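There are 2 protein chains.
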Amino acid sequence: MSVVNIGLIGAGTVGCGVIKVLNQNSEIIENRTGIKLNLKTIADNDPLRKRPIRLPKKKLTKNAQDLINDESIDIVVELVGGTGIAKDFVMESIKNGKHVVTANKALLAHHGKTIFSEAAKKGVEIGFEASVGGGIPIIKSTQESFAANNILSIRGIMNGTSNYILSTMTEHGYEFDDVLKEAQEKGYAEADPSFDIDGVDAAHKLSILIMLSFGTFLNFDKIHVEGIRNISSLDIAYADELGYKIKLLAIAKSKEAGLEAGVYPTLVKKGTQLADVSGAFNAIYVVGDAVGPTMLYGMGAGMMPTASAVVSDIIGVAKHLSLGNTHPTTPRPYGSKGSSSLINMRETSTKYYLRFQAADIPGILGNITSCLGKNNISIESVIQKSRHLGGGDVPIVIMTHEAREEDLLLALKQIGRFKAITGKTSFIRIEEL
Amino acid sequence: MSVVNIGLIGAGTVGCGVIKVLNQNSEIIENRTGIKLNLKTIADNDPLRKRPIRLPKKKLTKNAQDLINDESIDIVVELVGGTGIAKDFVMESIKNGKHVVTANKALLAHHGKTIFSEAAKKGVEIGFEASVGGGIPIIKSTQESFAANNILSIRGIMNGTSNYILSTMTEHGYEFDDVLKEAQEKGYAEADPSFDIDGVDAAHKLSILIMLSFGTFLNFDKIHVEGIRNISSLDIAYADELGYKIKLLAIAKSKEAGLEAGVYPTLVKKGTQLADVSGAFNAIYVVGDAVGPTMLYGMGAGMMPTASAVVSDIIGVAKHLSLGNTHPTTPRPYGSKGSSSLINMRETSTKYYLRFQAADIPGILGNITSCLGKNNISIESVIQKSRHLGGGDVPIVIMTHEAREEDLLLALKQIGRFKAITGKTSFIRIEEL
Numbered sequence: 001m002s003v004v005n006i007g008l009i010g011a012g013t014v015g016c017g018v019i020k021v022l023n024q025n026s027e028i029i030e031n032r033t034g035i036k037l038n039l040k041t042i043a044d045n046d047p048l049r050k051r052p053i054r055l056p057k058k059k060l061t062k063n064a065q066d067l068i069n070d071e072s073i074d075i076v077v078e079l080v081g082g083t084g085i086a087k088d089f090v091m092e093s094i095k096n097g098k099h100v101v102t103a104n105k106a107l108l109a110h111h112g113k114t115i116f117s118e119a120a121k122k123g124v125e126i127g128f129e130a131s132v133g134g135g136i137p138i139i140k141s142t143q144e145s146f147a148a149n150n151i152l153s154i155r156g157i158m159n160g161t162s163n164y165i166l167s168t169m170t171e172h173g174y175e176f177d178d179v180l181k182e183a184q185e186k187g188y189a190e191a192d193p194s195f196d197i198d199g200v201d202a203a204h205k206l207s208i209l210i211m212l213s214f215g216t217f218l219n220f221d222k223i224h225v226e227g228i229r230n231i232s233s234l235d236i237a238y239a240d241e242l243g244y245k246i247k248l249l250a251i252a253k254s255k256e257a258g259l260e261a262g263v264y265p266t267l268v269k270k271g272t273q274l275a276d277v278s279g280a281f282n283a284i285y286v287v288g289d290a291v292g293p294t295m296l297y298g299m300g301a302g303m304m305p306t307a308s309a310v311v312s313d314i315i316g317v318a319k320h321l322s323l324g325n326t327h328p329t330t331p332r333p334y335g336s337k338g339s340s341s342l343i344n345m346r347e348t349s350t351k352y353y354l355r356f357q358a359a360d361i362p363g364i365l366g367n368i369t370s371c372l373g374k375n376n377i378s379i380e381s382v383i384q385k386s387r388h389l390g391g392g393d394v395p396i397v398i399m400t401h402e403a404r405e406e407d408l409l410l411a412l413k414q415i416g417r418f419k420a421i422t423g424k425t426s427f428i429r430i431e432e433l
Numbered sequence: 001m002s003v004v005n006i007g008l009i010g011a012g013t014v015g016c017g018v019i020k021v022l023n024q025n026s027e028i029i030e031n032r033t034g035i036k037l038n039l040k041t042i043a044d045n046d047p048l049r050k051r052p053i054r055l056p057k058k059k060l061t062k063n064a065q066d067l068i069n070d071e072s073i074d075i076v077v078e079l080v081g082g083t084g085i086a087k088d089f090v091m092e093s094i095k096n097g098k099h100v101v102t103a104n105k106a107l108l109a110h111h112g113k114t115i116f117s118e119a120a121k122k123g124v125e126i127g128f129e130a131s132v133g134g135g136i137p138i139i140k141s142t143q144e145s146f147a148a149n150n151i152l153s154i155r156g157i158m159n160g161t162s163n164y165i166l167s168t169m170t171e172h173g174y175e176f177d178d179v180l181k182e183a184q185e186k187g188y189a190e191a192d193p194s195f196d197i198d199g200v201d202a203a204h205k206l207s208i209l210i211m212l213s214f215g216t217f218l219n220f221d222k223i224h225v226e227g228i229r230n231i232s233s234l235d236i237a238y239a240d241e242l243g244y245k246i247k248l249l250a251i252a253k254s255k256e257a258g259l260e261a262g263v264y265p266t267l268v269k270k271g272t273q274l275a276d277v278s279g280a281f282n283a284i285y286v287v288g289d290a291v292g293p294t295m296l297y298g299m300g301a302g303m304m305p306t307a308s309a310v311v312s313d314i315i316g317v318a319k320h321l322s323l324g325n326t327h328p329t330t331p332r333p334y335g336s337k338g339s340s341s342l343i344n345m346r347e348t349s350t351k352y353y354l355r356f357q358a359a360d361i362p363g364i365l366g367n368i369t370s371c372l373g374k375n376n377i378s379i380e381s382v383i384q385k386s387r388h389l390g391g392g393d394v395p396i397v398i399m400t401h402e403a404r405e406e407d408l409l410l411a412l413k414q415i416g417r418f419k420a421i422t423g424k425t426s427f428i429r430i431e432e433l
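One line per chain: the protein sequences are A and B, in this order. Position 382 of the first sequence, counting from 1, maps to 382 under my numbering, and the rest follow consecutively. Position 395 of the second sequence, counting from 1, maps to 395 under my numbering, and the rest follow consecutively.
In short, the hints are calculated from the structure, not lab data. Mixed in with the good hints there might be a few duds.
[To be verified] Quick list of simulated restraints, FRET-style, between CB atoms:
hint, chain 1, residue 1, chain 2, residue 2, range
1, B, Lys113, A, Asp221, 22 to 32 Å
2, A, Ser349, B, Ser349, 26 to 36 Å
3, A, Lys122, B, Asn23, 29 to 39 Å
[Stated by the list, open to error] Among the chain B residues that face chain A by a calculated CB cut under 10 Å, a handful are:
hint, residue
4, Val3
5, Val291
6, Pro293
7, Thr294
8, Gly298
9, Ala307
10, Tyr334
11, Phe418
12, Ala420
Being a predicted model, the structure only gives us computed values, none of them experimental. Using N, Cα and C, we set each Cβ at its ideal position, and we do this for glycine too.
Full structure from sequences and hints, please.
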């Protein structure tokens with residue numbers, strides 16, 4: 001049986017999952033592939049930290065260079081995370097002719113172009129299935145299974161923490177801050193949750209899928225990113241009444257004028273596949289011109305699901321090695337719809353959900369709707385109920401027909417100057433699936 | 001740019017889709033891969049038949065041997081279907097050293113072992129993504145993305161025609177025969193629909209997924225197969241009242257004692273991912289020990305979705321060819337859970353939905369429940385309503401707790417002898433996700 005030697009850098013949650021999967025499923029993997037995956041060295045700068053599994057002491061080192069410079073190591077698994085030292089580890093491994101498997105979305109979102117072009121030069125593979133959607137096979141599907149398609153759109157729930165918070169708010173009517181606090185206590189959200197709840201993590205993942213689907217390495221900073229901090233239980237309740245759920249979606253759409261790309265909260269109609277994705281689950285909805293609408297669903301994070309993706313990548317590289325198929329393909333830019341043709345959000349059009357907080361004085365609804373009308377925004381429906389805000393204020397909820405965002409922002413600015421407007425206006429895009 | 005030559009046998013619906021995709025997306029495919037896919041020859045025994053696209057006359061032949069024996073052809077695409085002449089075409093192509101891409105589930109279900117072992121000998125690839133779930137990337141996911149997992153279960157809606165019929169019955173309260181007739185008129189169901197509605201097509205697909213997930217080539221005839229002909233609108237209505245939908249599922253589960261495998265109608269709880277798959281869509285729900293629950297959803301049939309899978313396979317082979325990676329892996333048996341350890345349905349356990357039709361006489365419910373009790377079947381809930389069947393009959397609906405099928409069948413036999421039982425008893429397994 002051929003043996004492939006693996007070095008693992010970073011024995012955190014996912015790293016422990018990889019060790020566990022390699023242990024518990026070694027027999028089935030050997031049966032399937034005829035290959036023995038030998039985890040030779042594990043590098044971690046804090047080997048004594050408390051972990052879900054016991055680390056094999058003999059394989060441990062504090063120095064990642066021990067495995068990066070070990071000639072017998074075929075595959076380096078980078079699970080350090082971040083764009084700092086992890087980048088050095090990956091680049092050094094590539095330079096040493098090692099194949100690399102990583103779950104590091106931030107690294108690929110910011111430095112994918114450099115990493116893939118260096119890997120192509122050195123003829124090594126980069127496995128990165130774990131970087132998007134945990135164990136969901138979205139990378140392989142986008143890169144290979146949908147390769148015959150002109151991809152029209154990608155829309156996904158790509159951050160489990162945000163989806164858990166929104167699902168819990170929806171289910172129990174709680175406010176954002178309370179659910180976040182509870183999630184942090186339970187360990188579902190990080191102490192510093194900003195990458196998750198401000199949409200940055202989802203945007204990292206989106207930029208990787210854009211690279212694979214549209215062949216373009218976007219300048220990450222140009223992607224429009226909004227998080228869920230401003231979503232209130234009131235908006236969730238109104239959305240529910242209107243037949244929608246609020247979901248944080250990562251969205252990329254191919255248009256004549258270029259590429260629309262962004263991460264932001266959206267209203268998604270109840271009963272559609274994405275609306276029904278609850279809790280910490282992820283799902284990515286891809287539409288291709290031939291395949292039509294498809295969706296891949298599963299656990300987007302966590303020790304074992306992410307390890308499933310990491311080890312599947314290890315198996316993929318190991319198979320190629322054992323067969324002598326040593327000419328990998330790496331993602332490369334080919335698309336015309338690059339950052340230069342990224343469409344500004346102001347120039348996009350969609351339907352909108354708007355919630356105004358206004359003093360309950362005669363004519364206020366008329367003033368709002370006529371201001372919207374003057375700015376080319378027509379109205380699909382209005383909910384105005386008797387007072388249920390403090391101090392005599394009323395909420396006015398409006399669903400618009402499709403409108404240009406630039407027009408809408410101008411209208412909202414004008415309406416914001418009305419004396420009767422007493423609070424912040426909610427403005428959430430509606431995404432039709 | 002490297003050129004890969006393709007021969008296509010069978011210009012039916014999917015064949016026309018393949019021609020269309022290769023035409024309309026040639027530029028994007030070339031950009032992504034650096035390879036030109038050249039459809040050199042198209043073989044069809046009836047080139048004049050009416051088609052959704054015009055066939056390029058210069059490439060046409062009536063004789064498949066023209067392309068099977070053409071040395072310049074790298075990949076033969078078999079879209080003839082069935083287990084007759086299609087098998088000869090595939091085996092001859094393999095013998096001639098050609099890579100084969102096929103959508104033929106029946107062929108692989110019955111002759112997969114022969115075909116894959118011959119392909120391994122000759123060092124050629126067999127692409128068969130299109131054989132299960134149309135454009136849904138379930139083959140690649142099962143074979144590669146979930147390769148690190150001990151697969152615990154596969155449950156899927158794998159036949160679009162059946163799901164369309166059940167969805168329409170559910171939505172409108174129609175009876176099976178009427179919906180089937182309408183589906184045939186609209187072209188959603190074949191003139192001879194038995195492969196679809198009797199579960200055979202789904203069983204073909206299941207046996208392919210079993211081969212990939214459990215490493216075993218089952219004797220196809222040993223898979224338990226039931227279709228949907230006996231599902232009545234009454235059962236759908238009761239299931240709805242109890243919080244369930246009725247779905248035809250293809251199911252494989254890994255158990256201590258062996259493998260449970262079957263295709264049969266099931267009650268699936270509303271609000272679960274599979275219950276929400278409507279119309280002609282397919283979805284396959286896979287649970288692995290590491291990845292947890294995942295689901296892949298999309299259009300399971302049709303010209304363009306199936307063509308998407310066929311062309312993605314062509315691209316896969318073409319990439320390997322252009323890189324000189326000519327040592328393919330083919331599925332091979334490795335599993336211990338083969339046909340010999342296929343668990344008889346009588347030995348399986350699940351919850352059951354039962355509907356009896358009985359004369360409305362005192363004590364009948366007691367007689368039924370005590371007979372069930374004597375056979376070790378305990379009852380979760382009962383619905384007995386006032387008469388709404390003809391001739392003074394009443395329906396009695398019972399949901400059982402988990403019970404052995406052998407016990408249940410014996411109880412049903414005994415109950416069937418009661419004089420008060422006036423009609424056929426419905427008996428549908430409940431599948432918990």
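Kindly indicate which numbered hints from before are broken by the structure, ordering the numbers from low to high. 1, 2, 4, 11, 12
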